[in-house]
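Chain A is fixed; fit chain B onto it per the hints.
Taken in order, these protein sequences are the chains called A and B.
Heads up, the first sequence is in my numbering, so the first residue is 1 and it goes up one at a time.
Heads up, the second sequence is in my numbering, so the first residue is 364 and it goes up one at a time.
To be clear, the hints were calculated from the coordinates, so they are not data collected in a lab.
No experiment lies behind these values; they were computed from the predicted model shown.
Hints may be right or wrong, so weigh each one.
Here are some, though not all, of the chain A residues that point toward chain B, as calculated from beta-carbon distances under 8 Å [what the hints assert, rightly or not]:
hint, residue
1, ASP76
2, VAL180
3, ALA184
4, THR214
5, ILE276
6, LEU326
Backbone N, C-alpha and C fix where the C-beta goes; we use that ideal spot for every residue, glycine too.
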Amino acid sequence: MTFLSFVVLLLGSIAPPGSVSAGDVPNDGGGSILVTWTAPADPALTGFEVLRQTEKATAWETLASPGRRATRYTDDAATDGVRYRYEVIAESDSASAASTPTAFAVASAQWFDMNTVPALVGTVVLSFILLYFISRARKDKNLFIRRISGLDAVDEALGRATEMGRPTLYVPGTSTIGDVATIASLNILGEVAKKTAKFGTPLIVPNTDPIVYTVAREIVKEAYTTAGRPDAFTPDIVFFVTDQQFAFAAAVDGIMTREKPATNFLVGMFYAEALIMAETGASTGAVQIAGTDAVSQLPFFITACDYTLIGEELYAASAYLSREPLLLGGIKGQDYSKALIVGVIVLGTLLALLAGLPVLKYL
Amino acid sequence: MQRRLPLLLVLVTGIFAALPFFIPHHSLQAVDETVRNDVLRIIAAFSLVLGVGSILQHHFTKIQRKTSNWQYSWITVVTLFVSAVIGLFGGIDPSHPGILPTHIGHFSFHIQTLYMNIMVPLAATMFSLLAFFMASAAYRAFRARNLSATVLLAAAFILMLGSVPLGRMIFHPLPSFAEWILTVPNMAAKRGINFGIQLGILATSLKILLGIERGWLGGG
Numbered sequence: 001m002t003f004l005s006f007v008v009l010l011l012g013s014i015a016p017p018g019s020v021s022a023g024d025v026p027n028d029g030g031g032s033i034l035v036t037w038t039a040p041a042d043p044a045l046t047g048f049e050v051l052r053q054t055e056k057a058t059a060w061e062t063l064a065s066p067g068r069r070a071t072r073y074t075d076d077a078a079t080d081g082v083r084y085r086y087e088v089i090a091e092s093d094s095a096s097a098a099s100t101p102t103a104f105a106v107a108s109a110q111w112f113d114m115n116t117v118p119a120l121v122g123t124v125v126l127s128f129i130l131l132y133f134i135s136r137a138r139k140d141k142n143l144f145i146r147r148i149s150g151l152d153a154v155d156e157a158l159g160r161a162t163e164m165g166r167p168t169l170y171v172p173g174t175s176t177i178g179d180v181a182t183i184a185s186l187n188i189l190g191e192v193a194k195k196t197a198k199f200g201t202p203l204i205v206p207n208t209d210p211i212v213y214t215v216a217r218e219i220v221k222e223a224y225t226t227a228g229r230p231d232a233f234t235p236d237i238v239f240f241v242t243d244q245q246f247a248f249a250a251a252v253d254g255i256m257t258r259e260k261p262a263t264n265f266l267v268g269m270f271y272a273e274a275l276i277m278a279e280t281g282a283s284t285g286a287v288q289i290a291g292t293d294a295v296s297q298l299p300f301f302i303t304a305c306d307y308t309l310i311g312e313e314l315y316a317a318s319a320y321l322s323r324e325p326l327l328l329g330g331i332k333g334q335d336y337s338k339a340l341i342v343g344v345i346v347l348g349t350l351l352a353l354l355a356g357l358p359v360l361k362y363l
Numbered sequence: 364m365q366r367r368l369p370l371l372l373v374l375v376t377g378i379f380a381a382l383p384f385f386i387p388h389h390s391l392q393a394v395d396e397t398v399r400n401d402v403l404r405i406i407a408a409f410s411l412v413l414g415v416g417s418i419l420q421h422h423f424t425k426i427q428r429k430t431s432n433w434q435y436s437w438i439t440v441v442t443l444f445v446s447a448v449i450g451l452f453g454g455i456d457p458s459h460p461g462i463l464p465t466h467i468g469h470f471s472f473h474i475q476t477l478y479m480n481i482m483v484p485l486a487a488t489m490f491s492l493l494a495f496f497m498a499s500a501a502y503r504a505f506r507a508r509n510l511s512a513t514v515l516l517a518a519a520f521i522l523m524l525g526s527v528p529l530g531r532m533i534f535h536p537l538p539s540f541a542e543w544i545l546t547v548p549n550m551a552a553k554r555g556i557n558f559g560i561q562l563g564i565l566a567t568s569l570k571i572l573l574g575i576e577r578g579w580l581g582g583g
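Just chain A, same shape as in the assembly (with noise of 0.2 Å):
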């Protein structure tokens, strides 16, 4: 106990906080020790002091001034490896006293988040389905895959594109690379530009982010490619307008406006401009085909566009197109992975349930 808590003591008027120790804060980086505390029940009391001490000093040094509710404070400015003791002060407005110091305790940095293990063990599961089902997929080349109107309607759309002898237009998102759902369009981009090749449609890709540009100006010209019309790619096809959101709405409504595609592919991440694009695109008659994971901008492609990719299918779209079994294999086990999550769901619910009931008492 050191002088000015003995002084406090004597002057007794609020007693100190009780229980306080320190220790490592766990799992995570370094450098943090956490300090907890109970705290006296006085009305008087108006907050705490915090201190800290390291081994060799002989001063005290006050980290924090905690409220009066306050039953903790992480010390986040220590050094990994020193050791530290603390004590924590109970104010009232004419009275303080200390709590004895702490053990010293050490902060130190770990290597594995243990708070992190659902996560890992769930992602090990699912991966596990998902990869079982690919390598099936290797031997049974005839899975059957449930239909997404949505891609059945992507020949439909561009042949009639073709018909009219209008182009394509396929706007990417309005996110940047590090989105899957862009990587997924990026996907889909690929097959539907082997198609605009194949039937020698036009394809406009405008896009908002240029290393999404980039990637997707790589695609179209590979796709073309590989459709066996390398000729028939022009660097004009992808381009990049504006990384700002509303000027590339804008842009993508003039060119709705000016070109007149006969179809609109929308598919990607988008926000607040997906219904500015969508209701642009209705109004000039255009076949839309619309796929996001954005839940709050899905509602306005439904009610906007001719078919929507909500969510999952918007991921499995490029293997739907591709046929591709190995790909296939991968939609599958998506299904049976969200049969699983249903079932622990229904399972977590009764055990829920049962636990409520009298009955567990006997058992």
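Below, chain B without anything else, positioned relative to chain A:
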């Protein structure tokens, strides 16, 4: 090799990107932060040059071929150059002047002034169009053409009425019922969609990491 090298790079960087989620150690977190903050920014800066190149190529082709509305391409090109020159040499705002004089009397045309007075109002104009598009989309969605559309119409009607004082006046439990629609059936559907999305992301990531999905490479 031309195919294998990108696949190998994706596999290694993909695994490396996932590790910091499970490993909190500061040594790994620091490397991850450097990659995300510095390396990716440098790559993005290079790609921006390609983006500007694309804009110029696209519009010069239009001008050269004199396609429809080719005159507007001049506006884009000239605006691009003028704003680039002002942005690079004219300073950010009056308190951060550049080497070019970017004001005439009290009239300033620094890049920040141009952005705040041209880009922001134009973007706001586009954004405000959303209100009108919402009205037209709502009209289309709420036509009771089939059972699903009728359910949608009924749910929307209850929600809208439940959100205003009139709803409580007409039928006292209506706001609670509207809240229930949002938090129970609506939330259940949203979570169902989210499960599918997360599985789709996992499946796509796995297929890309293992080199099964190669669409991003430009096809098989």
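Against the structure, the hints:
no.: 1; hint: ASP76; result: violated (12 Å)
no.: 2; hint: VAL180; result: holds (5 Å)
no.: 3; hint: ALA184; result: holds (6 Å)
no.: 4; hint: THR214; result: holds (5 Å)
no.: 5; hint: ILE276; result: holds (6 Å)
no.: 6; hint: LEU326; result: holds (5 Å)
Comparing the model with each numbered hint stated earlier shows that hint 1 is the single one that does not hold.
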